[in-house]
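Number of protein chains: 2
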Amino acid sequence: MSKELTSQVLGELLEARNFMGIKAALAGLTPPDSAEAIKEFEPAEQAALFRLLPMQDATEVFEYLPVDTQERLIHAMGNEQAVGIIDAMSPDDRTALLEELPTALCAKLINDLSPKERAIALRLLDYPEHSIGRLMTSEYLVLRDDWTAAEALDHIRSHGRDQETLNVLYVVDDHGKLLDDVRIRELLLCPLETKVKDLRDSVFISLNATDDQETAVATFRKYRRNVLPVVDGHGGLVGIVTGDDILDVAEEAATEDIHKLGGMEQLDEPYMNISLSKLVQKRATWLVILFVGEMLTATAMGHFEEEIEKAAILAVFVPLIISSGGNSGSQAASLIIRAMAIGEVTLKDWWKVMRREIYSGLALGLILAIIGMLRISVWSAFSPIYGPHWFLLALTVSFSLIGVVLWGTLSGSMLPFLLKRLGLDPATSSAPFVATLVDVTGLIIYFAMAGAILRGTLL
Amino acid sequence: MSKELTSQVLGELLEARNFMGIKAALAGLTPPDSAEAIKEFEPAEQAALFRLLPMQDATEVFEYLPVDTQERLIHAMGNEQAVGIIDAMSPDDRTALLEELPTALCAKLINDLSPKERAIALRLLDYPEHSIGRLMTSEYLVLRDDWTAAEALDHIRSHGRDQETLNVLYVVDDHGKLLDDVRIRELLLCPLETKVKDLRDSVFISLNATDDQETAVATFRKYRRNVLPVVDGHGGLVGIVTGDDILDVAEEAATEDIHKLGGMEQLDEPYMNISLSKLVQKRATWLVILFVGEMLTATAMGHFEEEIEKAAILAVFVPLIISSGGNSGSQAASLIIRAMAIGEVTLKDWWKVMRREIYSGLALGLILAIIGMLRISVWSAFSPIYGPHWFLLALTVSFSLIGVVLWGTLSGSMLPFLLKRLGLDPATSSAPFVATLVDVTGLIIYFAMAGAILRGTLL
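Residue numbers (the numbering used here), protein chains in the order written: chain L, 3 to 461; chain A, 3 to 461.
No lab work stands behind these hints: they were computed from the structure. Don't take each hint at face value.
Because identical chains cannot be distinguished in the list, a pair is counted as satisfied if it fits within a single copy or across any two copies.
As the list claims (entries may be wrong) - Lysine-lysine pairs mimicking PhoX-like chemistry, simulated, CA-CA at most 20 Å apart:
1) K179 - K41
2) K5 - K350
3) K350 - K312
4) K224 - K199
5) K41 - K224
6) K41 - K118
7) K199 - K280
8) K354 - K5
9) K199 - K41
10) K25 - K280
11) K118 - K280
12) K224 - K5
13) K354 - K118
14) K110 - K41
15) K25 - K41
16) K118 - K199
17) K354 - K280
18) K312 - K118
19) K5 - K312
20) K41 - K5
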């Protein structure tokens with residue numbers, strides 16, 4: 003049954019107050035599918051639907067809703083219902099919701115949680131935003147060195163019900179320091195009397211709770227893991243992070259970078275859900291900034307109005323030249339921003355990158371210069387459009403192209419380093435931003451070149 | 003020890019032919035770290051280092067090398083060494099390598115594999131490129147309905163050694179049809195005499211082997227899984243896909259889209275590793291295409307040379323107007339391309355998107371038009387720069403901005419749909435591509451508007 007159809011059926015059942023029917027309909031769906039169907043309703047109706055589910059199911063379905071839907075729903079629920087669900091949520095999903103709620107509401111809800119969950123929630127929220135700590139869950143099992151495999155399996159049998167993963171178990175010492183990870187297969191495959199310490203190889207990978215979430219993505223990729231333990235500054239085990247959260251982090255970071263590269267603020271909601279006014283607002287801010295920046299081109303062109311009056315043909319090549327600078331800048335910026343995001347390039351590489359980009363910029367500029375030269379020469383052979391001084395004009399265009407492409411390449415590649423060095427997001431040096439910068443300087447390069455080459459002939 | 007230091011130590015040991023030392027050095031590293039250190043060497047040296055490792059370790063380290071390094075290394079190895087490693091590789095990593103190798107070499111290597119591995123390799127390569135089938139591994143365990151938990155655990159103990167995951171086990175019928183997935187926790191937590199069929203809830207999520215890999219990413223995200231089973235057209239279990247491969251697919255797809263959005267071919271190698279000539283080549287192709295396209299602006303401007311000669315002031319606003327079109331087009335293209343990539347927007351949404359973008363384009367164009375109008379009015383109040391007809395000029399610029407921004411927004415949002423409809427990658431409608439398209443039409447809009455408004459005054 004499609005998402006639309008399920009929502010429609012649920013809507014009819016809700017209108018008819020057929021609560022048994024709703025329970026039956028939802029029982030046949032996986033929690034993610036229930037969430038997708040329930041998402042289509044108004045918050046008040048959603049709250050009603052959730053009241054029909056047993057708390058355990060309600061929580062699971064709730065966890066699969068997008069955070070902005072969760073937030074609206076919390077406002078629509080009574081305090082008791084909201085606290086019940088938030089108390090039962092996985093710690094990682096709960097953190098993602100709590101950090102979006104208004105501070106007062108967040109504080110009130112946390113205060114009403116059970117003491118155990120309150121302590122976990124507060125501890126996780128204590129980690130900085132975008133840190134690995136905020137992704138952690140405390141639903142994992144620890145083993146001790148002196149346990150036998152049989153004792154470990156008993157421990158799993160009695161405590162394994164609510165854990166995120168049983169694939170990997172963690173061995174800690176008396177102070178909670180992480181000693182090793184042990185795969186469940188090793189426990190299952192060894193004789194029952196084997197000690198945990200004999201299963202250990204003391205080679206394990208862990209994340210630091212205060213590190214940036216991008217570090218976690220890179221580590222998961224490098225070591226190809228589906229779950230990793232997280233330690234504090236003293237090596238103490240403080241939580242685990244699972245691969246599904248990392249996939250979300252990676253996809254959301256890529257979306258954010260793509261939106262920023264496209265020259266706007268990132269949308270926090272899916273394109274089809276976001277309201278039109280929010281959509282326009284997210285785009286208008288940067289569009290206006292770029293427009294105001296681009297007004298400098300009018301100022302720059304204004305300075306060369308006299309030249310244009312003398313030789314209108316010069317104006318003809320302005321779009322071609324500035325767009326070539328913009329395009330080469332956009333290439334360089336996209337390359338470097340993505341390489342930084344996935345950790346291929348770090349701040350200390352700026353000099354190596356600059357060297358490569360000087361060579362690339364010169365090579366690319368030369369290629370365009372040759373094509374530009376050919377174009378003007380060939381056209382001039384058949385038409386008088388470029389006048390008697392066509393060769394000097396061609397030289398002006400070609401030299402400008404080399405300068406503009408080199409400048410575009412350099413600004414596009416170095417701006418991300420500068421922004422990162424200043425503690426800002428490199429993706430903010432979006433392609434249009436680089437293009438605007440390059441447009442103004444490109445005009446100056448072009449008209450300066452024209453002044454030097456064409457003085458006494460066209461000018 | 004840092005990557006550089008490890009490589010240096012290994013290099014010195016290799017030069018001194020201290021093979022015991024190399025073995026000891028590599029034994030202290032995790033396979034991903036060994037791979038990172040070995041990557042720095044020349045292929046012939048890499049082959050020598052691999053010969054020093056036991057086959058099992060060598061294979062694991064080899065699997066962590068990037069595919070292009072693997073490929074060069076295979077060429078440098080003797081046939082026996084290469085076949086040994088390829089035979090022992092995980093089926094999913096092996097497919098990723100084999101699909102990159104020249105056909106003749108690939109056929110020869112497959113032919114030399116053990117019959118069992120040959121059959122697996124051929125079966126996986128039979129799935130289309132970029133299909134989920136190519137990501138599959140056959141290293142999973144199946145259970146039967148009539149087994150008890152004790153029998154299932156025995157089966158795991160005897161066959162669990164080489165499987166990718168033991169977290170989830172798959173129940174199939176006599177014909178290999180997938181009936182359900184069972185988590186190992188359920189086996190561990192239930193009485194030993196429980197039948198597998200009593201553990202089943204028959205609610206499971208699976209992927210289709212021939213579906214696109216992007217579908218797999220979306221499904222993993224929606225259901226928050228770390229592993230999913232893959233079925234053929236008849237529901238038969240043909241393999242599993244693990245979350246680490248999905249994270250790779252998602253990150254590589256995002257990189258590809260970002261490179262394409264930046265207006266170039268995607269780099270297949272990391273920025274810092276790719277040779278300068280390849281880097282220039284990947285960028286030159288699109289830069290030249292865009293340059294040749296942008297030459298149309300020179301043609302278009304050429305048609306308006308007479309107008310520019312009459313009123314050079316018109317040329318002054320050309321960069322401002324065309325870049326506003328380019329920026330709004332770049333925003334729309336990035337939004338839609340990303341929304342398509344993560345499945346938020348599909349082909350059938352084109353009409354809804356078009357309606358939203360018409361509203362957005364009009365709103366954004368209006369905002370810029372008002373700012374443009376203010377700018378020219380304010381400047382004119384203090385300086386004679388825009389002449390006596392400044393108000394008509396301001397009208398020309400403002401109306402052009404509305405037209406150009408609307409047109410930019412529409413082309414940017416509809417081009418991805420058109421490309422996808424034609425079976426091409428929507429990301430090819432890169433921001434610079436949209437900008438080029440919008441530049442030419444933007445010029446025509448602007449000069450047409452000028453002709454209509456300024457005829458008899460400036461023109």
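Between copies, within a copy, both or neither: which fits K41 and K118 at Cα up to 20 Å? Neither. Shortest intra-copy (30 Å) and inter-copy (48 Å) distances fail the 20 Å Cα cut-off.
Could you place K118 and K199 in one of the four classes (within, between, both, neither) given a Cα distance threshold of 20 Å? neither (30 Å within a copy, 37 Å between copies)
When Cα atoms must be at most 20 Å apart, do K224 and K5 count as within-copy, between-copy, both, or neither? Between. Shortest inter-copy distance 13 Å satisfies the 20 Å Cα cut-off; intra-copy 37 Å does not.
Alpha-carbon proximity context of K5 and K350, limit 20 Å: between (49 Å within a copy, 15 Å between copies)
Tell me, please, which holds for K224 and K199 at an alpha-carbon limit of 20 Å: within, between, both or neither? neither (27 Å within a copy, 38 Å between copies)
From the Cα coordinates, with 20 Å as the cut-off, is the pair K354 and K280 best called within, between, both, or neither? Between. Shortest inter-copy distance 17 Å satisfies the 20 Å Cα cut-off; intra-copy 41 Å does not.
State whether the alpha carbon distance between K41 and K224 is at most 20 Å within one copy, between copies, both, or neither. Close across copies (13 Å), not inside one copy (36 Å); limit 20 Å.
Which holds for K354 with K5 at a C-alpha limit of 20 Å: within a copy, between copies, both or neither? Only across copies: K354 and K5 sit 18 Å apart there, 51 Å inside one copy, limit 20 Å.
With identical chains treated as interchangeable, where does the CA-CA distance between K354 and K118 reach 20 Å or less: within a copy, between copies, both, or neither? neither (52 Å within a copy, 47 Å between copies)
Quick one: K118 to K280, C-alpha cut-off 20 Å, is that within a copy, between copies, both, or neither? Close neither inside one copy (39 Å) nor across copies (57 Å); limit 20 Å.
Regarding K350 and K312, is the shortest C-alpha distance of 20 Å or less found within a copy, between copies, in both, or in neither? Neither: 49 Å inside a chain and 53 Å across chains, both beyond 20 Å.
Same-copy or cross-copy closeness of K110 to K41 [CA-CA at most 20 Å]: Close neither inside one copy (25 Å) nor across copies (54 Å); limit 20 Å.
Going through the hint list in order, the structure does not satisfy hints 1, 3, 4, 6, 7, 9, 10, 11, 13, 14, 16, 18, 19.
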